[in-house]
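Q: Okay, here's what each chain looks like letter by letter:
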Amino acid sequence: MSFRAGIAARAAVPTGVGLGLRSTFLAEVDRGAADGRVPFWEISPDNYVARGGSRPARLARVAERFPILSHGLSLSLGGLDPLDADFLSGLHGFFEQLPPPWHSDHLCFSGHDGKMLHDLLPLPWTTASAKRVAARVREVSQRLARPMLVENISYYLSLGSTPLDEAAFVVEVLERADCGLLLDVNNVFVNAANHGFDPLEWLAQIPLDRVVQLHIAGHEFWDDERRDLIVDTHGAPVRSEVDALLSWVVERTGALPVLLERDENIPPLQELLAERDRVDSVYQAALARHAAHQGDPA
Amino acid sequence: MSEEALIRAFAASVIELDAPEAVKADVRGFFARHGVAPELAAGLPEAAAERLAIYRTMVHSRLRAAVVDFLPKTAARLGRPRLRREIEQFVAEAAPSAPYFWRVTGEFLVWAQPRWAVDATLPDFLLDLALHEWSDAEIGNDPAGGEAASGKPLALDQPVQFDGTVRLRRYGWAVHRATETEPPPPEPTALLLYRDRTEHLVKTLELTPRAAAVTSRLLAGEPLQAALMGACAELGVALDDEFLAAMAGYFADLAERGALLGAA
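Those protein sequence lines, which keep their order, are chains A and B.
Oh and the first sequence: position 226 is 226 in this note's numbering, straight run, nothing missing.
Oh and the second sequence: position 83 is 1083 in this note's numbering, straight run, nothing missing.
These aren't lab readings, by the way, just hints derived from the structure by calculation.
Values in this document were obtained by computation on a predicted structure and should not be read as measured data.
Glycine included, each C-beta is placed from N, C-alpha and C at the ideal position.
Incorrect hints may have been included.
Unchecked claim - In silico EDC-like pairs for lysine to aspartate or glutamate, Cα to Cα no more than 16 Å straight-line:
| hint | chain 1 | residue 1 | chain 2 | residue 2 |
| --- | --- | --- | --- | --- |
| 1 | A | 131 | B | 1088 |
| 2 | A | 115 | B | 1107 |
| 3 | A | 115 | B | 1088 |
| 4 | A | 115 | B | 1016 |
| 5 | A | 131 | A | 175 |
| 6 | B | 1073 | B | 1124 |
| 7 | A | 115 | A | 139 |
| 8 | A | 115 | B | 1124 |
To be verified - Here are a few chain B residues that sit away from chain A, every Cβ distance over 10 Å (derived from the structure):
| hint | residue |
| --- | --- |
| 9 | 1176 |
| 10 | 1183 |
| 11 | 1203 |
| 12 | 1258 |
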């Protein structure tokens, strides 16, 4: 089954601008503070699997009222170590209860030689690397019994003079794995700024029919003294240049789930909901232009 | 293979203790020593050493922040430079292995425990304080807990059923009374910890020596009567009415809290 057929076979997929369900406001959301304000929540199952306490019950109650999307950080899809069978089994069991339409993780490695480094570390952009990662993505998809999306990361170092550029590497993985793309437009912006390329030229290389979900976020400078390196911290409001990339994509793809990420300097929930509303207005305007291009009323 | 060597070398720049100096001195040589073909290493950008240092800082800072989050009093006692060195050593020698970020601090403590136990440069109470601080996350997130009660009343010839999160911890210091600035008093201390079944908050009870002795035996699965008699023998006290009354009050309190569920 192709990844498109796999996604189509799932329950209704949410669209619009959702938020990450963070522990800082999980209790508030559980009490209904965001009801009617968010089309979906995205969770990281790594924070729920094999964990008791208040979280499972709260998540179950939230999942009764909202669609839930799943996005992980720990699969190390590009790693050299074998995939963690216990972790995959835990994820599979967790998804049976939830169940999200797909699972996503990053095009990176996160550990080596049994050491889990809990970060998104860049891969060499070679065909050999793409083949290896694609095989692992297929295996994960099979073991989780659901479609997989891979996310393009922010990278601060390219690993040598490789035959592919990042966009070509992403495309090769998508095609070899027959998986979807979780397109992070902030990461595209950050990489373009740090490495000196045109983000729209990068996006133009991506087969948009494989884009299943978007991420959007704010970024910060690595050091206030040195403003030549932008870091994808998810710790600030989204900048207008990143809004523009979101618009560019949505104008071409139509409705998608868009996740506004905020993991650092998390503001009070109502403030975050206001930021969501602002991003949603950008999304809705792009969607209207998409409909106009299609000849349909918005 | 070249691409695999690149990953190994990158990981080594984050993990190895002497990587910062080696990378700064000769980044291409560092990659070559980790099996990267010289022609591939030569293609690394000019800023490679600086960017690898940034990645190392990001990884180590994130792990350090997790430890500070879960062990705030311990981290304050250690101080930032010492904690940074501890994290560097931890990553080089052991590192986290679980895919769950919230468990990093527990993995760090497993590594630190034997080292800190014999480290004369650290306060004597630090390890106990750290273990006590971690208990909050360990028990608060324990997949056990909230089990259905057997519905059977306590019986002398039966073991008891505790909530799955109940733990007995013994320390050489009254670590639960430590503050950010005040060290814990040096007192042998037994604490019973459990997760409240309604609010899911971790609760701490300071136990008397006899309550601790009985609880230890009950948690090991001894029948109630054997636990009471064994505790009295262990402490050299009589199993008299006063002892039994005190234990009855203790069990009633635990039952009211949802920590003691009845006979097993």
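Q: Each hint should be assessed against the structure and marked as holding or not.
A: Tested hints:
no.	hint	in the structure
1	A:131 - B:1088	violated (33 Å)
2	A:115 - B:1107	holds (11 Å)
3	A:115 - B:1088	holds (13 Å)
4	A:115 - B:1016	holds (12 Å)
5	A:131 - A:175	holds (10 Å)
6	B:1073 - B:1124	holds (14 Å)
7	A:115 - A:139	violated (21 Å)
8	A:115 - B:1124	violated (30 Å)
9	1176	holds (20 Å)
10	1183	holds (30 Å)
11	1203	holds (13 Å)
12	1258	holds (14 Å)
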